[in-house]
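S.K.: Using the sequences provided together with the hints, build the complete structure.
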Amino acid sequence: MSTFLGLPRRRTVPDDAAPFGDVPHPDDPLRWGETFPDAARAALANTQLRTNLGHATSTIRAKRALVVDEVPDWEALRDAGSAIKTDVMARLPELLTELERNVTARGGVVHWARDADEANRIVADLVKATGETEVVKVKSMATQEIGLNEALAAEGIAAVETDLAELIVQLADDMPSHILVPAIHRNRAEIREIFLQRMGDVPADLTDAPRELAMAARAHLRRKFLSAKVAISGANFGVVDTGTLAVVESEGNGRMCLTLPETLITVMGIEKLVPTYADLEVFLQLLPRSSTGERMNPYTSLWTGVTPGDGPQAFHLVLLDNGRTDVLADEVGRAALHCIRCSACLNVCPVYERVGGHAYGSVYPGPIGAILTPQLTKSSAGGGGRHDDPNSALPYASTLCGACYDVCPVKIDIPSILVELRAREVDADREGRPTGWGAAMKAASFVMRDERRFELAEKAAVLGRLAGGRDGRVSRLPFPGSRWTSSRDLPVPARQSFRSWWAEDHDGPTHNEPPHDGPPHDEDDAR
Amino acid sequence: MSARDEVLARVRAALSGDGKAGAAAPSAAQPARTYRTASEHAPGSATALEILVDRLEDYKAHVHRASGDDEVARVVGDLLADARSVVVPPRLPAGWTDALGAGTVVVQDSREDPRSALELDEVDAVVTAARVAIADTGTIVLDGEPDQGRRAISLVPDLHVCVVRAEQVVHTVPEGVRLLAAYPGRPQTWISGPSATSDIELSRVEGVHGPRTLHVVLVG
Ligand code: SF4
Numbered sequence: 007m008s009t010f011l012g013l014p015r016r017r018t019v020p021d022d023a024a025p026f027g028d029v030p031h032p033d034d035p036l037r038w039g040e041t042f043p044d045a046a047r048a049a050l051a052n053t054q055l056r057t058n059l060g061h062a063t064s065t066i067r068a069k070r071a072l073v074v075d076e077v078p079d080w081e082a083l084r085d086a087g088s089a090i091k092t093d094v095m096a097r098l099p100e101l102l103t104e105l106e107r108n109v110t111a112r113g114g115v116v117h118w119a120r121d122a123d124e125a126n127r128i129v130a131d132l133v134k135a136t137g138e139t140e141v142v143k144v145k146s147m148a149t150q151e152i153g154l155n156e157a158l159a160a161e162g163i164a165a166v167e168t169d170l171a172e173l174i175v176q177l178a179d180d181m182p183s184h185i186l187v188p189a190i191h192r193n194r195a196e197i198r199e200i201f202l203q204r205m206g207d208v209p210a211d212l213t214d215a216p217r218e219l220a221m222a223a224r225a226h227l228r229r230k231f232l233s234a235k236v237a238i239s240g241a242n243f244g245v246v247d248t249g250t251l252a253v254v255e256s257e258g259n260g261r262m263c264l265t266l267p268e269t270l271i272t273v274m275g276i277e278k279l280v281p282t283y284a285d286l287e288v289f290l291q292l293l294p295r296s297s298t299g300e301r302m303n304p305y306t307s308l309w310t311g312v313t314p315g316d317g318p319q320a321f322h323l324v325l326l327d328n329g330r331t332d333v334l335a336d337e338v339g340r341a342a343l344h345c346i347r348c349s350a351c352l353n354v355c356p357v358y359e360r361v362g363g364h365a366y367g368s369v370y371p372g373p374i375g376a377i378l379t380p381q382l383t384k385s386s387a388g389g390g391g392r393h394d395d396p397n398s399a400l401p402y403a404s405t406l407c408g409a410c411y412d413v414c415p416v417k418i419d420i421p422s423i424l425v426e427l428r429a430r431e432v433d434a435d436r437e438g439r440p441t442g443w444g445a446a447m448k449a450a451s452f453v454m455r456d457e458r459r460f461e462l463a464e465k466a467a468v469l470g471r472l473a474g475g476r477d478g479r480v481s482r483l484p485f486p487g488s489r490w491t492s493s494r495d496l497p498v499p500a501r502q503s504f505r506s507w508w509a510e511d512h513d514g515p516t517h518n519e520p521p522h523d524g525p526p527h528d529e530d531d532a533r
Numbered sequence: 003m004s005a006r007d008e009v010l011a012r013v014r015a016a017l018s019g020d021g022k023a024g025a026a027a028p029s030a031a032q033p034a035r036t037y038r039t040a041s042e043h044a045p046g047s048a049t050a051l052e053i054l055v056d057r058l059e060d061y062k063a064h065v066h067r068a069s070g071d072d073e074v075a076r077v078v079g080d081l082l083a084d085a086r087s088v089v090v091p092p093r094l095p096a097g098w099t100d101a102l103g104a105g106t107v108v109v110q111d112s113r114e115d116p117r118s119a120l121e122l123d124e125v126d127a128v129v130t131a132a133r134v135a136i137a138d139t140g141t142i143v144l145d146g147e148p149d150q151g152r153r154a155i156s157l158v159p160d161l162h163v164c165v166v167r168a169e170q171v172v173h174t175v176p177e178g179v180r181l182l183a184a185y186p187g188r189p190q191t192w193i194s195g196p197s198a199t200s201d202i203e204l205s206r207v208e209g210v211h212g213p214r215t216l217h218v219v220l221v222g
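Residue numbers (the working numbering), protein chains in the order written: chain A, 7 to 533; chain B, 3 to 222.
Since the hints were derived computationally from the structure, they do not count as laboratory data.
Certain hints may be false.
EDC-like cross-link-like pairs, simulated, lysine to aspartate or glutamate; straight-line CA separation at most 16 Å [to be verified]:
id, chain 1, residue 1, chain 2, residue 2
1, A, Lys417, A, Asp85
2, A, Lys235, A, Glu138
3, A, Lys230, B, Glu121
4, A, Lys235, A, Glu140
5, A, Lys230, A, Glu138
6, A, Lys69, B, Asp60
7, A, Lys69, B, Glu203
8, A, Lys230, B, Asp123
M.R.: Right, dumping it as structure tokens:
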């Protein structure tokens, strides 16, 4: 990528060596890089990235399908997961205060943070109070989202990532590109190179065998685990009726952080609640099979406040808003808060597979990122955002093929939310811009260069045309549960338009496509 | 306004529809639970055990069978023949470590008298009991009671021998959760095979930070 909105800053590694990636740490983990279409175009040119991603996502898709198929009541579990999350949102105020009560009763201390800065401030002060200057960290999306590591570095506190993929990203001074496997864009040869240059204590004859690389990470982190006094984690679930927190992991780095240090600080989004302990029976079935494609992940830790004589004797829970209440206020968009961060929707998304996670310019990439990021940052025009906000293009990072909805363990209807966010953009266009052209451009502008991607785009375009009325506007789209209404319409995409729009906008007029001033309306298509 | 009050006020406002046209509150209906909460395979049944063994082995745990406590001692002795030291929780059932070789030091650990992480790092192995095992997912749950010990002892040593009684084996996750729900406040560790990572090209590597070897001894 060539331009960045965020300035590189506060590197966690010495500045003398050039970073491995082309993605320096941005100021805003939810808004960096170019707009999606531009970033996607650059990513499409990176064949190594596409090969790495294609390999990784096809592997995980196959594993997931296998273990989901062996569960006879999978759909009933999804229904329950969805209903429990809907119930959580409806009762969020009482559930939050009940959780606070139960955590406090067990010796934990609960803190509240309105936004990223406040959360970072709270955590930094808690660490400083211990006198420590190094902390170990369990991979957590919430702390990625608030840029905690960078904020701690500014206060002289080194945060050591202990999840293997997160460690790879940290050592390479890179940004995560996947919510479960942050280094999914790296292959074994690149990882070996990163370890050799950055880890400091690796054997010189290190090969690129995954086992050897994992053992190098084990040796590197062991001493840190055994001597760490403070750990920072996220949480997969906060159980309201007992005050129990849950972290789901594989490597044992989570257990190390949650068990050995004296002080544990957990940062959790306010939406992560489940009402009762028994609800874990639903989510601990849905999550592992959807995320790593395992029947159960190797380790799950559950803890309730402080247990005398076992584990950290000081426990702090930071409850984070940071835009979540804005999402909650949106009747359609609030379902994005049901997300349990399994990453299944990323792994099946044809757009994600081609362009990778960095193109989304947010720590939340893929289909969930396309609906969550613009809402968290109030970027969509309907949310009062500005058109030139790069995040306003994110709802267009989809072919609306529906695969994300099919795999989502809590049945978030991502396609319908995407359509709703796009519609609002179009509504805003009416007021601020001459035509729906700008929005239509966004929809078309990352169109695929390879066969399959183009096919999918075609499919979406055809659907659009089928639903279009005589006036060339779409008034109703055939998506399940679509909230599209006749008062919100989009220009009908024409069959030939995608390639020519792409060419027009990005490479100048090419081939025999005539230049045009707006969405071309094929006579046939308007019928 | 404190951060707490402000966040809670924002949540209430979001749900009341203030400031957002037509943002009706989501309904608070009781979630329907039509998924399996029981199983045709009773706890400890031959089928439940068979499924557990299959799943454990699939994720590279080693399974051993023992008919009673005497045999547990023999199996544990065999497994730890080369161990220089083994840490045990304060109330491991009597006899399980009786057949350890003379050269194996038994290290005691308890909440009242805990070994440090660095001390545990010098120990070769750990022997614990378990609270419940879930066949469907190949999961063993420890809840920190005196026959299982502090979480640290089953984490730091590189080899974990976990003894599970047949009657502790349930078929499904909901059955397991309902048993654990009796004491939800206990610190729990759910273990499904040895530690593993799939972070390099999504290919699974067993044995990272947690014990790299997991032996499960099934009794009965
Ligand atoms: S939106 Fe659904 S599929 Fe995607 S990460 Fe969240 S829970 Fe998983």
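S.K.: Taken at face value, is the distance from the CA of glutamate 140 of chain A to the CA of lysine 235 of chain A at most 16 Å?
M.R.: Distance ~8 Å between lysine 235 of chain A and glutamate 140 of chain A Cα, so the pair holds.
S.K.: Straight-line Cα separation of lysine 69 of chain A and glutamate 203 of chain B no greater than 16 Å?
M.R.: Cα-Cα ~13 Å, so holds.
S.K.: Tell me if the straight-line CA distance from lysine 69 of chain A to aspartate 60 of chain B falls inside 16 Å.
M.R.: The given pair, whose Cα atoms are some 13 Å apart, holds under the 16 Å limit.
S.K.: Compare the distance between the alpha carbons of lysine 230 of chain A and aspartate 123 of chain B with 16 Å, and conclude whether the hinted pair is satisfied.
M.R.: Status holds; Cα separation ~12 Å.
S.K.: Given the hinted pair lysine 230 of chain A and glutamate 121 of chain B, is their Cα-Cα distance within 16 Å?
M.R.: holds (15 Å)
S.K.: Just to be careful, I want the Cα atoms of lysine 230 of chain A and glutamate 138 of chain A compared with a cutoff of 16 Å; is the pair within it?
M.R.: holds (13 Å)
S.K.: Hinted pair, alpha-carbon criterion (16 Å max): lysine 235 of chain A, glutamate 138 of chain A. Please report holds or violated.
M.R.: holds (7 Å)
S.K.: Is lysine 417 of chain A close enough to aspartate 85 of chain A, meaning Cα to Cα at most 16 Å?
M.R.: Distance of about 7 Å is within 16 Å: holds.
Of the numbered hints listed earlier, not one is contradicted by the structure.
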